[in-house]
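A.B. asks: Each chain, letter by letter, is given below.
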Amino acid sequence: MTRPAHPGTIHYHQGPEETLVRSVAVADVPEPLRYAQTPDGEVPVVKVVALTTAVGLELREYGPAGQLLRTTLSAPGR
Amino acid sequence: MGLTGQRPPERPALTPRAWLDSVFGKKANQQPYADEFEAVKANAQFKALPAALQANLLEELGRHAPWTQGRQMVALLGRYGGLAGLPQAKAQQVINLIGGTTRTSTHARDELAKRLADSALWKAAPAVQADVLSKFLEDPTSYPPLSAGAPAKLPGPQQVSMEGPVEVASQPFRPGAEPALRYDVRVGMHRVPVFVPKTPVRAGLHQHTLMQVAQALAQLPSGLLSRIPFITLEAKPNPGDDYWKLNFANFKGSYLTADASSVAIHPTEEPQSIDALASALVHEAGHVVSYSEWGLSAADERWKPWRDAVTKDVVLPSAYAANRVGEDFSETLRAYYAVRGTPAQAELDVLFAGRVAVLKQLALA
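Residue numbers (numbering that gives the first Met the number 0), protein chains in the order written: chain S, 0 to 77; chain F, 0 to 364.
I should point out that these hints are in silico values taken from the structure, not numbers from a laboratory.
One thing to keep in mind: the hints can contain errors.
[As the list claims (entries may be wrong)] Covered by chain F, according to a simulated footprint, are these stretches of chain S (three or more residues, beta-carbon under 8 Å):
| # | stretch |
| --- | --- |
| 1 | 2-10 |
| 2 | 32-45 |
[As the list claims (entries may be wrong)] Quick look at which bits of chain F chain S covers, simulated, 3 or more residues with Cβ under 8 Å:
| # | stretch |
| --- | --- |
| 3 | 212-225 |
| 4 | 278-290 |
| 5 | 322-331 |
[To be verified] Partial chain S-side listing against chain F, Cβ under 8 Å, derived:
| # | residue |
| --- | --- |
| 6 | S22 |
| 7 | A26 |
| 8 | P29 |
| 9 | L72 |
Please read these numbers as outputs of a predicted model, since none were measured by experiment.
The C-beta atom is built at its ideal place from N, Cα and C for all residues, glycine as well.
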């Protein structure tokens, strides 16, 4: 399956209001974080939102259509 | 003052407890009834309520021991004229909110006691009294989320067994594909494949053992187990960790990652408990379920039943659930499975009636 072209930028946001922290050219983002695997093939990650849980952060990675691609729960803090 | 009388309670002292003492007396032997159960049934306001509300009140009353603050507040609500002035569904929401034994109900009782602790209010017209209850319901600060958010221990584990290993020449892990061993963890009727790389875990990091993963899976309910396609027990940290630590100051490294097809467990700098793993697995597996059932975007029309349920059930499962409707789904699962099979489940079945109905359709409750 062909990998679709990436729109070019990944935006990093923090909190439920999605405050923009920074925007980074995809070329400057590590390769494993540029795309996410879905049942329909690879999809570009264009937005990452960090939300604070009771035990740490949860990172939510989104695709160009606003679809949630992947979630990562951080290690519980000590 | 007799409990069947129509006179309002005296204006309270400083606390809900003191106010209730002023209404009910401090000692059981000061009362004309054996307990609040008999007292509320004899009350004229209570007798005027629809049968469903009466039953609802008595059920909630029964959750509390005699002469406790919880029981007294339910009894007091039963003789408050404002209850009859609310639409029945709203009246039931008020009763369910203050009647339970959860963190939400305990706080809600104190909050409602403060609002009702006004002798002038007890003399006011029914519409004015009902308005106080409406405002109570409309104010989400009156009833906090069900859980403070910390991982909750799940009820007793099921029997678990393991099959394998089977050699896998090339299994995708987060950093890339490599040779692995496949084990099948069997819990009840379900089998969850767990892939373990042959590469050892990096020195200084802590990873769950296969047995710990099996023990955590044994705490998960059947409906959720069947929705986890497979688990990877990663040997190396998530390849995005260093970069994310640069972007998000509080990020301490990945623990679990979920997408539509799998859940990855990453090694961490500190050892994690089996209960923490089980709780995190419920949350992340919840994402896997919701992605596959309703699509990757919460704007998808298939999410509507859950969105409607969240609107209908006024209580949140946790503060974190307020962030996104998808998080509400995962946090509901965590809250629900923490009490599944215990007496508290009946309370959640009522407080989360809308959500539980959807979970039942998905064979998750």
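A.B. asks: Confirm or reject each hint.
C.D. replies: Going down the list of hints, with the structure as the test:
Residue count for the stretch 2-10 of chain S with a Cβ under 8 Å from a Cβ of chain F: 0. That is fewer than the three needed, and the coverage hint is violated. A stretch counts as covered by a chain when three or more of its residues have a beta carbon under 8 Å from one of that chain; for the stretch 32-45 of chain S and chain F the count is 5, and the coverage holds. Taking a C-beta to C-beta cut-off of 8 Å, the stretch 212-225 of chain F contributes 0 residues in contact with chain S, too few for the three needed, and the coverage statement is violated. Requiring three or more residues with a Cβ within less than 8 Å of a Cβ of chain S, the coverage given for the stretch 278-290 of chain F holds, as 5 such residues are present.
Residues of the stretch 322-331 of chain F lying with their CB closer than 8 Å to a CB of chain S number 4, which satisfies the three-residue condition for coverage. Annotation: S22/S was flagged as interfacial toward chain F, and the flag is violated, the nearest CB pair being 11 Å apart, outside 8 Å. Proximity of A26/S to chain F is violated relative to the hint, the smallest CB-CB distance being about 13 Å (cut-off 8 Å). The beta carbon of P29/S comes within 5 Å of a beta carbon in chain F, closer than 8 Å, and the hint placing it at the interface holds.
A least Cβ separation of about 5 Å between L72/S and chain F falls short of the 8 Å threshold, and the interface hint therefore holds.
In the structure shown, a violation is registered for the earlier hints numbered 1, 3, 6, 7, in ascending order.
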